[in-house]
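Start from the sequences, fold in the hints, and give me the full structure.
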Amino acid sequence: MCDVVVVGGGMVGAACAFYAARAGLDVVVVDRGPVAGGTTGAGEGNILVSDKPPGPELDLALLSGRLWREVAAESFGRAIEYEPKGGLVVARSPRDLDALRALADEQRQCGVHATDVPADALGSLEPHLARGLAGGVFYPQDAQVQPALAAAHLIRAARALGARLRTGEVVTDVLRSSDGAVRGVKTSRGELHAASVVNAAGVWGGEMAALAGVALPVLPRRGFILVTEPLPRLIRHKVYAADYVANVASGSAALQTSPVVEGTASGPVLIGASRELVGFDRSVSLAVLRRLAAQAIGLFPALSHVNAMRAYVGFRPYLPDHLPAIGADPRVPGLVHACGHEGAGIGLAPATGRLVAQVLLGSATDLDLTPYRPDRFAAAPAGAEVETC
Amino acid sequence: MLIRRRDRQAGLPRTPRRLVDARPEPAFALHVDDQEIEALPGHTIAAALWRAGIVSWRRTRGSAEPRGVFCAIGVCFDCLVTVNGRPNQRACLVLARPGDVVATQAGTGYEGDDA
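So the protein sequences, as listed, match chains D and V.
Heads up, the first sequence is in our numbering, so the first residue is 1 and it goes up one at a time.
Heads up, the second sequence is in our numbering, so the first residue is 1001 and it goes up one at a time.
FYI, nobody ran anything at the bench for these hints, they're computed from the structure.
Do not take every clue at face value.
To be verified - Pairwise CB distance ranges (calculated): (1) V:N1084 with D:S124: 30 to 36 Å; (2) D:A210 with V:C1076: 37 to 43 Å; (3) D:R164 with V:D1078: 34 to 40 Å; (4) V:L1019 with D:R164: 53 to 59 Å; (5) V:D1033 with D:A302: 23 to 29 Å; (6) V:G1085 with D:A73: 41 to 47 Å; (7) V:G1085 with D:S124: 26 to 32 Å; (8) V:G1053 with D:R282: 42 to 48 Å; (9) D:F280 with V:G1062: 34 to 40 Å.
Backbone N, C-alpha and C define an ideal beta-carbon position, used for all residues, glycine too.
Structure (structure tokens):
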């Protein structure tokens, strides 16, 4: 018996466990694989405000960015390769630049720090950036962590507070009492009894919800990342083209790519980003990798002489309105969701964990959870109104 | 077993080349830092280095640990070396060619390396 079972040992599950344990709850984390074995281990570790227009996701990102800074300052910033390096969004045409600056203006109203960078000043921020770009906007709040390390260290910190971790254990059912309330989970190794179950199963969050008898339409949105050989510091910030924001927000199932380039603490440069809805197909698409490479070279011509060492593939947990499901499920008492963060799960994890801990304790939440309601897809038609900050 | 018996009878050393009865084309020279070594057509850079008794040709970028061949099949990226000015080539995959200039590598292998 424990207070809460967190299903999922990825970044979001780790953050839920960390904040719940810190609040004094008795936590068990269960994952069918290892820690960070899913989407967490297949991303770039982005902590971004720059790509989020005003609205509930930006609110979450701003809170989360503060919490990441806290977590990094508190203890293991170095161990998780936390780098508050800032993001540089570049526009390739005057039209793109107008749209980018308009977005930055709106974001500033919500507390985002954003500095316009004229074309002739781009080189001082990123010396290897291609010439001929129209200009950009610099976002100092953007940061990066090594996501697998971050998940592992948050789980370690939760364990130091008494949480237990069970890997290689598959949740096969959600146990419910006669009144419908959750009373634990059934796993491949037995039963775990708990008053609450947190669905932090990421891209498998829909399956987890189905075990509890409710629908949550999480779909896998595939992405590839190309990894170069380790290089001396060539790229200083996270750099991406302004059209990336439009790609992220798109609901299209077809392949979309836009250049997203950044260095890492250990040397390799990571090159993204592609998005497509093709189910859980892990097969390598050379066409996608070629496009990623060509677009990255377009931003950083120096990359044309660099070897790509490998590529990896992952699946973003996608919900149709691009917002995560966070909070108690009114359909199943005791079931709390924390999944569907699409490509922003690393960045949004601490805020999610903190909000989930507040829900579990029944205390006031830092943010109004209405926009993230897990049952919103059943009730509201697609394209429901979203309030801005 | 047959081969071994024949070698023993002939009193010849059992080299890999004898075992497969290879008759390679003439050897050629490779430059490795400030020395010259000999390679046979078909040798990878790693094979040529090993044949010359060199088993380590890179220092890691973090703690400068020595590295050479580990997997020998192009998977592990441990045997990286600079060939003709291009760093991070997998010595176990790159075929040696006459006149190749091989340089042992430190860190990322790029000039101005601050790693």
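Next on the checklist: Holds or violated: the 53 to 59 Å window for the beta-carbon distance between L1019 of chain V and R164 of chain D?
Outcome noted: Hint holds: Cβ distance 56 Å, inside 53 to 59 Å.
Item to check | Cβ distance range 23 to 29 Å for D1033 of chain V and A302 of chain D, holds or violated | outcome: At 27 Å between Cβs, range holds.
Checklist entry - Per the hint of 37 to 43 Å, is the separation of the Cβ atoms of A210 of chain D and C1076 of chain V within bounds? => result holds, 41 Å
Item to check | C-beta pair G1085 of chain V, S124 of chain D: status relative to the range 26 to 32 Å that was hinted | outcome: 30 Å Cβ-Cβ, so the 26 to 32 Å window holds.
Checklist entry - Are N1084 of chain V and S124 of chain D spaced within 30 to 36 Å by their CB atoms? => result Given about 34 Å between the Cβ atoms, the range holds.
Checklist entry - Between G1085 of chain V and A73 of chain D, is the Cβ distance one that fits in 41 to 47 Å? => result Because 43 Å falls inside the window, the suggested range holds.
Checklist entry - Measuring from beta carbon to beta carbon, are R164 of chain D and D1078 of chain V in 34 to 40 Å? => result holds, 37 Å
Checklist entry - Per the hint of 42 to 48 Å, is the separation of the Cβ atoms of G1053 of chain V and R282 of chain D within bounds? => result holds, 43 Å
Checklist entry - Between F280 of chain D and G1062 of chain V, does the beta-carbon spacing fit 34 to 40 Å? => result Once the Cβ atoms are compared, 35 Å apart, the range 34 to 40 Å for G1062 of chain V and F280 of chain D holds.
Going through the hint list in order, the structure satisfies each hint without exception.
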